[in-house]
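2 protein chains.
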Amino acid sequence: MSGAGPISRLVDEFARLPGIGPKTAQRLAFHVLNAPPEMARGLARALVEAREKICRCSECCDLTDSDPCPICRDPRRNREILCVVEQPRDVIAMEKSRGFKGLYHVLHGAISPMVGIGPGDLTVRDLLERLAGKNVREVILATNPNVEGDATALYLARLIKPAGIKVTRIAHGLPVGASLEYADEMTLSKALEGRQELG
Amino acid sequence: MSGAGPISRLVDEFARLPGIGPKTAQRLAFHVLNAPPEMARGLARALVEAREKICRCSECCDLTDSDPCPICRDPRRNREILCVVEQPRDVIAMEKSRGFKGLYHVLHGAISPMVGIGPGDLTVRDLLERLAGKNVREVILATNPNVEGDATALYLARLIKPAGIKVTRIAHGLPVGASLEYADEMTLSKALEGRQELG
Numbered sequence: 240m241s242g243a244g245p246i247s248r249l250v251d252e253f254a255r256l257p258g259i260g261p262k263t264a265q266r267l268a269f270h271v272l273n274a275p276p277e278m279a280r281g282l283a284r285a286l287v288e289a290r291e292k293i294c295r296c297s298e299c300c301d302l303t304d305s306d307p308c309p310i311c312r313d314p315r316r317n318r319e320i321l322c323v324v325e326q327p328r329d330v331i332a333m334e335k336s337r338g339f340k341g342l343y344h345v346l347h348g349a350i351s352p353m354v355g356i357g358p359g360d361l362t363v364r365d366l367l368e369r370l371a372g373k374n375v376r377e378v379i380l381a382t383n384p385n386v387e388g389d390a391t392a393l394y395l396a397r398l399i400k401p402a403g404i405k406v407t408r409i410a411h412g413l414p415v416g417a418s419l420e421y422a423d424e425m426t427l428s429k430a431l432e433g434r435q436e437l438g
Numbered sequence: 240m241s242g243a244g245p246i247s248r249l250v251d252e253f254a255r256l257p258g259i260g261p262k263t264a265q266r267l268a269f270h271v272l273n274a275p276p277e278m279a280r281g282l283a284r285a286l287v288e289a290r291e292k293i294c295r296c297s298e299c300c301d302l303t304d305s306d307p308c309p310i311c312r313d314p315r316r317n318r319e320i321l322c323v324v325e326q327p328r329d330v331i332a333m334e335k336s337r338g339f340k341g342l343y344h345v346l347h348g349a350i351s352p353m354v355g356i357g358p359g360d361l362t363v364r365d366l367l368e369r370l371a372g373k374n375v376r377e378v379i380l381a382t383n384p385n386v387e388g389d390a391t392a393l394y395l396a397r398l399i400k401p402a403g404i405k406v407t408r409i410a411h412g413l414p415v416g417a418s419l420e421y422a423d424e425m426t427l428s429k430a431l432e433g434r435q436e437l438g
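From first to last, the protein sequence lines stand for chains F and W. Using the working numbering, you'd call the opening residue of the first sequence number 240 and step up by one each time. Using the working numbering, you'd call the opening residue of the second sequence number 240 and step up by one each time.
There's no promise every hint is true.
Each pair may be met inside one copy or between any two copies, as identical chains are not told apart.
[Stated by the list, open to error] Below 30 Å or equal to it, Euclidean Cα-Cα: the simulated DSBU-like pairs (lysine-lysine) are:
hint	residue 1	residue 2
1	Lys373	Lys262
2	Lys335	Lys262
3	Lys400	Lys292
4	Lys340	Lys262
5	Lys405	Lys262
6	Lys292	Lys405
7	Lys400	Lys262
8	Lys400	Lys373
9	Lys335	Lys292
Read the hints as simulated data drawn from the structure, not as lab findings.
Modelling step: build the complete structure from the supplied sequences, incorporating the hints.
Rendered as structure tokens:
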């Protein structure tokens, strides 16, 4: 094995994924080559299918393969409470905690002047349009408890409060500086219960 | 995003790769979904292509997309010296050290009674047939310097020596218990120079 060929192309493609260095990419490539062909085909199919079928839900902006997404479609969810999160993975984390029965809004990021992400790069406009049209009683800001997440929450609170909607911030039951994605389900539940109305 | 769908299928497929846990799989899946579609398609194509085109070289048993492989085909390589390694990735590591100009033989593993890998699971028979037919003067055993690699080297030495072929073991310039794959190129070169004839 040497030079440019199907193996090194596969190694290169793996190495383009985040957190996968050249050695890990090589290890993954050789694993796939030694595994039954179904493994390579299964991953290839899942990649193409996911990339083709997945779009943003026209209501909550979460990633979904059916629009509106299953959560927005679910008649048992409380439509008066919106939980605003940064990423689709945060919706998964919240759903696992089973502590929330309202709807979501996915920002697809947080305001971060350092890396040039402003409100226009997020789904802030969609959120405001959504709030204007529907009878939302409370907006829970569940952005990450770090600098960017806190700034985003403050920014949204100032936009939403004038409309007379109750705005709360998820409680800092989470260790400060941590990431919502890695919180355990109990901590997430506790943080949700202890939410406080914003200034 | 919830339940079974293209996203969770993609997460599951990533999680089947070695060393990729559920959180990392989720992170990779969402990265692919946020990246340009070319990324998903590129990885998918590389997977299918590599799995379809790659076979074992009929001479050295290394993985290749052309049989015999480029190294076995290369007229400048010294056909009198064979370097026996455990895995295709070890060939890559050896080639990077530029210390070896002979041919390789890839065992695709090491003898390990603990996990039920015996000589019959490796390419030992191919190696012996190869040695019977060709004028090989020396066999360098470059299996990993750990229990399984040492046992495999001893086993092969006992099989090959009666045929009157010089059998050497790569020097323990490598830290004992380490893996060939992660050695730096200088260490690998030194280990090759300091090789010792076996028993």
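Hints, verified against the model:
no.	hint	result
1	Lys373 to Lys262	neither (51 Å within a copy, 35 Å between copies)
2	Lys335 to Lys262	between (34 Å within a copy, 13 Å between copies)
3	Lys400 to Lys292	neither (36 Å within a copy, 60 Å between copies)
4	Lys340 to Lys262	between (43 Å within a copy, 24 Å between copies)
5	Lys405 to Lys262	neither (50 Å within a copy, 33 Å between copies)
6	Lys292 to Lys405	neither (36 Å within a copy, 60 Å between copies)
7	Lys400 to Lys262	neither (50 Å within a copy, 35 Å between copies)
8	Lys400 to Lys373	within (15 Å within a copy, 84 Å between copies)
9	Lys335 to Lys292	within (24 Å within a copy, 42 Å between copies)
Hints 1, 3, 5, 6 and 7 from the earlier list are contradicted by this structure; the remaining hints agree with it.
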